[in-house]
Amino acid sequence: MTATNDSSDLEALFDSIAADVGRTAPPPAAPAAPVPPPAPASAGADNDDLQALFDSVASEYTVEPAPAASATPPPGEGAGGAWPQQEAVFNRIGHMARELHDTLRQLGYDKLLEQTMSALPDAKDRLAYVANLTEQAACRVLNATDIASPLVADIETSAKALGTRWDKVFANQLGVDEFKTLAADTRAYLNQQVPEKAQATHAQLTEIMMAQDFQDLTGQVIKKIVALAQTLEQSMMGLLIEVVPEQRRTEEVNNLMNGPVISAEGRNDVVVNQAQVDDLLDSLGF
Amino acid sequence: MAADPKMRFLVVDDFSTMRRIVRNLLKELGFTNVDEAEDGAIALQKLQAGGFEFVVTDWNMPNMDGLTLLQTIRSTPSLKHLPVLMITAEAKKENIIAAAQAGASGYIVKPFTAGTLSEKLNKIFEKMGQG
Chain W
32 MTATNDSSDL EALFDSIAAD VGRTAPPPAA PAAPVPPPAP ASAGADNDDL
82 QALFDSVASE YTVEPAPAAS ATPPPGEGAG GAWPQQEAVF NRIGHMAREL
132 HDTLRQLGYD KLLEQTMSAL PDAKDRLAYV ANLTEQAACR VLNATDIASP
182 LVADIETSAK ALGTRWDKVF ANQLGVDEFK TLAADTRAYL NQQVPEKAQA
232 THAQLTEIMM AQDFQDLTGQ VIKKIVALAQ TLEQSMMGLL IEVVPEQRRT
282 EEVNNLMNGP VISAEGRNDV VVNQAQVDDL LDSLGF
Chain Y
2 MAADPKMRFL VVDDFSTMRR IVRNLLKELG FTNVDEAEDG AIALQKLQAG
52 GFEFVVTDWN MPNMDGLTLL QTIRSTPSLK HLPVLMITAE AKKENIIAAA
102 QAGASGYIVK PFTAGTLSEK LNKIFEKMGQ G
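Chains as they are written, first to last, in the working numbering: chain W, 32 to 317; chain Y, 2 to 132.
Don't read these hints as lab results, they were simulated from the structure.
Each hint can be trusted.
16 Å max Cα-Cα, derived EDC-like pairs, lysine to aspartate or glutamate:
#: 1; chain 1: Y; residue 1: K94; chain 2: W; residue 2: D300
#: 2; chain 1: Y; residue 1: K94; chain 2: W; residue 2: E296
#: 3; chain 1: Y; residue 1: K128; chain 2: W; residue 2: D313
#: 4; chain 1: Y; residue 1: K94; chain 2: W; residue 2: D309
#: 5; chain 1: Y; residue 1: K124; chain 2: W; residue 2: D310
#: 6; chain 1: W; residue 1: K255; chain 2: W; residue 2: D153
#: 7; chain 1: Y; residue 1: K93; chain 2: W; residue 2: E296
#: 8; chain 1: Y; residue 1: K124; chain 2: W; residue 2: D313
#: 9; chain 1: W; residue 1: K142; chain 2: W; residue 2: E264
If we strip away everything but chain W, and leave its shape as in the complex, we get (with noise of 0.2 Å):
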């Protein structure tokens, strides 16, 4: 047997076939072998994919010229001979899993990798509490502005209409009992609606403070989430560089929906604000 595997696996593999080969190649040679088949005594493979190599091995075997029958080679050079490359593949895969099963082992990665997957699901809990949370912010912070919006507006119109009024007066266009009426009006405007629609929007704003609560509560999370992340990607990509150090790291992929940008440092690629939309769509000569 010539053949220098590295892996054990492989070269059982290896050797079961090329046994085969050895043991069923000469009956071409020989004279006295008239049956096609291999017989069940001789055929080694008891296995049907190891049969069925075989098989496409041994009939690639036997078109090239039979050896003369006083000079049979040794079964494992003629084998060896036969699939040379064959041969090389098995060694290189051989050779690509055990370094990266040991790489990942000298390294710790698997227990790392482990630790790390194990903790995506959570991350994704956390991910939809964050944006449940925040869900339920903004949807109290709009309920509240819808209730505080028309208080607002009510004492800005009833300030206006009296205003109005009281422009008449120094106008003197108001007779006595419109004016003590419009005295009356002030008065309650100033003791009562005023005030009571100042404590309620000023209630609404409390609201609104309020709902901010859910900052403490998802930056916390988040801060898991990203030392999470960190973690991982270190883990892969100290896998990559170690495993394949050829490998160049993929450009940011190319497409049209990446969201919000993150950080905007050192990106050209991007606008900032509304003014630099404006100008850039103006430079086209939209």
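Got chain W; can you put chain Y on it based on the hints?
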């Protein structure tokens, strides 16, 4: 051209919060006739049913994104005249160029202000008046 306060808007965004904000801003600007759609596919159905005069759309949405919606609107004879204002978080230059080339009437990046929305709407109304 003074915009008709009865003008019917369709606000398209997959986030209800953003739809509500845009709706409120439009209301403050005097436009109260506003309908909503949560993605491009639903928007297209509503638009095809007719009656809309203005589309405000997000870009990144499930089922049908805003750019596809815009392209579909521009290639549909009954809809292609509709002004389409994009309000989106997509801020890459190629996004803005792609939107402009697809026939967007305006492009606003999130986060945006009420002032920006008002300004862009007025600009579009001006162009519509000229056209």
